[in-house]
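> Since the structure of chain W is already known, use the hints to place chains X, D and L on it.
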Amino acid sequence: MQRTLGALALATIAIGTIIGLFIVPADGLQGEIQRLLYVHVPTAWVGMLAFFFVFIMSTLYLVQRRLDWDLMAASAVEIGVVAIALTIILGSIWGQGTWGVWWEWDPRLTTTALLLIVYVGYLVVRSMTEDPDQRARWCAVIGVIGFVQVPIVYLSVFWWRSLHQPPSSPRSMATVFGFTLLFNFAAYTIGFAYLMMRRYRLAKRELSLELAGPDAEP
Amino acid sequence: MTELVRRAGAILWKDLLTETRTRQGLSAMLSFAALILFLFTFAFGADAALLSRIAGGLLWVAIVFTGTLALGRSFQSEELAGGARLLRLYPGDVRAIYLGKLAGNVLLLAALELLLFPATAVLFQVELLPHAATLTLVAFLGTLGFSTIGTFFAALTVHLRARELLLPLLLFPALVPVVIGSVGATVETLAGDPFGRAGGWIRLLTAYDVILFVVCMWIFPVVLEE
Amino acid sequence: MKTALRVEGLTRRFGRRWALRGIDLEVEAGSVVALLGSNGTGKTTLLRVLSTLLRPTAGTVEVLGCALPDGGAPVRERAAFMTSEGHLYEELTGRENLRFTARMHGLTVERERVSAALAEVGLEDAADTTVRAYSTGMRKRLELARIGLRPVELVLLDEPFASLDDDGVAIVQRSIAGWKGRGATVIVASHRVAQASRCANRLVRLVRGVVGEDAPS
Amino acid sequence: MSIIVGYAITFAAGVAYVLRLGRREGALPPSDPSSPPSGGTQEGVNGDTEQGTPESRASDARKP
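Protein chains in written order, with this note's numbering: chain W, 1 to 218; chain X, 1 to 226; chain D, 1 to 217; chain L, 1 to 64.
These aren't lab readings, by the way, just hints derived from the structure by calculation.
Note that the Cβ used here is the ideal one computed from N, Cα and C, for glycine as well.
Certain hints may be false.
[To be verified] Quick list of simulated restraints, FRET-style, between CB atoms: (1) L:Leu21 / D:Val193: 49 to 57 Å; (2) W:Glu210 / X:Phe38: 18 to 26 Å; (3) L:Ala16 / W:Leu163: 52 to 60 Å; (4) W:Ile23 / X:Arg203: 24 to 32 Å; (5) D:Glu26 / X:Phe172: 30 to 38 Å; (6) X:Phe172 / W:Glu210: 26 to 34 Å; (7) D:Gly40 / X:Phe42: 53 to 61 Å; (8) L:Ala13 / X:Ala119: 44 to 52 Å.
[Stated by the list, open to error] Output of the computed footprint for chain D on chain X, the stretches with three or more beta carbons under 8 Å from beta carbons of chain D: (9) 15–25; (10) 80–86; (11) 89–95.
Bound-form chain W, shown alone:
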């Protein structure tokens, strides 16, 4: 099951990239740089999806106290952090190409950067706590609070930015670009599912090793 999902992910991402890079014509306004969006936006989507997943799993853990939810949340955080880090790197490369500046206080970019800090904090707390149940509790708390602040962070940055600069008009998407983007969305989501399954299984094996029964000597 996992292997086929992995192969499918690989295939669809490859096809999506080829379409995005070679087949689809470059965007009239931005030119070639616009092709970066076919990887920048899907990774941002995967990052957001991962952190929403963490929010759900963390809430489930807080209610049911089953360690499996915590393991899923932790897996999603790890993948989410990788995805969001990539999103920011790609965002600044794309920003450099279009606005000519490496960093731009664009509400989306700023919010994703802040989210990265939240979930890096999640991973640091996770690495510092030995007891699995204690670790699960604190991480679930951060998972929930981390996600709850996203809308307000975005809103406050958006208002703040619109004071200094008229908000950049949302890029209008011609249908053919739209299709390519949607295809890549699906491809990267399958990739996310594959990584989740694999990381979760690894986490489960590592946990069972950690809890090796009452006679485990220190």
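Chains X, D and L alone, transformed into the frame defined by chain W:
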């Protein structure tokens, strides 16, 4: 409900007593805040007009940094008395601990601000008195937001090894709306609120304070659990 | 005889290390149990589970008729737990420490209860000096006074005799006798067999997280 | 040019992460992935999985 408030009051009473006796918290905060203000004066002092224009921002930078210092100490007295978790031995809702510590932090920060605002007025030549009412409201909302999420993460990190690193790391993203809202409202108010935007910032602050308080109260019992 | 507490298959893990590996214990109300065993055998962990501080990893725990960990609220009302390192605020005076405890328990007639508790342990004259100036013996007496503020059905003591001189030990034993007289159940965890077993009617020895011996004394 | 860099970084990171997973999976002793014990859950002795956790089986054996 009244039992919750009474026990929160007991914790507040204990912490204020400790604070007035040792004076460590407030004096450390005041000297730190003074240091920040003077640094700003040296850094931007040459251009008085600039200084007074960004006074609102500098003020909140001083409050947030000094406040983080105070947050780190809010569970210190518990650690010296056997650990914050022992407070769970008392009957009743664990949230009383959160409310007691939250009130303590808000009062401590209010005491700091009572001195910090006039100092800013003098150092940065800004007229505060005409806007006293709005500024008090903004200061309260900003301090409440800061303390609500700050006390929560202080309780979480007090059990962790590198808590000096972790408290700011966890706190910083959550503080962005509080800082943006407070600074926005303060700067607009000080400038006489020409575009009427202060009200918008105040609504953002109020909404965020409410959301943070509800979420923190809901989750807090998990934080002290073992 | 009513049972004060019943524990079955209680395990508790801290990361890889298992502090409790399957405790089975039943204690009748009104008895005084000496919980013996060298350091690291799980005495403190067991007391912290019974006092509702620690959630068990697995196993069923019933204290004063309440199933832990979720039904623990009444236990916090009717039980008292004296930890080995104590729970006193250095900057507060003896009286203020007791007033804090009384308020946290929502006790009425606070002033009189505090004065009575201080008198019972002989701390009237040191009542208004800060605990920072207290000797170890005085701190232990203040801890006993904290428990004496309210009626208790279960008293858990963790190393109550540690670093106490003879009259300190005598005061602790007098308190234990007092609780026993009022029908409360007392569990004294100590690695010093002599003082612990003198006032106990049952000895339970923990060995590597399980009950090793269990005999009336 | 920056497009190539962007795509290269993304795929490099993706591959690196998968390799890291592979290394961590390799480092574990080969246990059959079918049904590792579910780890200590907070509920009750046997939890809801029928084989329960190792220590719960041990305590069952000890009951008279």
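> Each of the hints needs a verdict: does it hold here or not?
A quick look at each hint next to the structure:
The hinted window of 49 to 57 Å between L:Leu21 and D:Val193 holds, with their beta carbons roughly 54 Å apart. Between W:Glu210 and X:Phe38 the beta carbon distance is about 51 Å. The supplied range of 18 to 26 Å is therefore violated. At roughly 40 Å, the beta-carbon separation of L:Ala16 and W:Leu163 lies outside the given 52 to 60 Å, and the hint is violated. Checked against the hint of 24 to 32 Å, the pair W:Ile23 and X:Arg203 fails, with Cβ atoms roughly 48 Å apart.
Our hint of 30 to 38 Å for D:Glu26 and X:Phe172 is violated, since their Cβ atoms are close to 52 Å apart. For the pair X:Phe172 and W:Glu210, the supplied restraint of 26 to 34 Å holds, since their beta-carbon distance comes to about 31 Å. For D:Gly40 paired with X:Phe42, a C-beta distance near 56 Å keeps the hint of 53 to 61 Å intact. Here the CB-CB span from L:Ala13 to X:Ala119 is close to 48 Å, well matched to the stated 44 to 52 Å.
Look at the segment 15–25 of chain X against chain D: 4 of its residues bring a Cβ nearer than 8 Å to a Cβ of that chain, three or more, so the hint holds. With 5 residues having a Cβ less than 8 Å from any Cβ of chain D, the segment 80–86 of chain X passes the three-residue criterion, so the hint holds. Counting residues of the segment 89–95 of chain X whose beta carbon lies closer than 8 Å to any beta carbon of chain D gives 4, which reaches the threshold of three, so the coverage claim holds.
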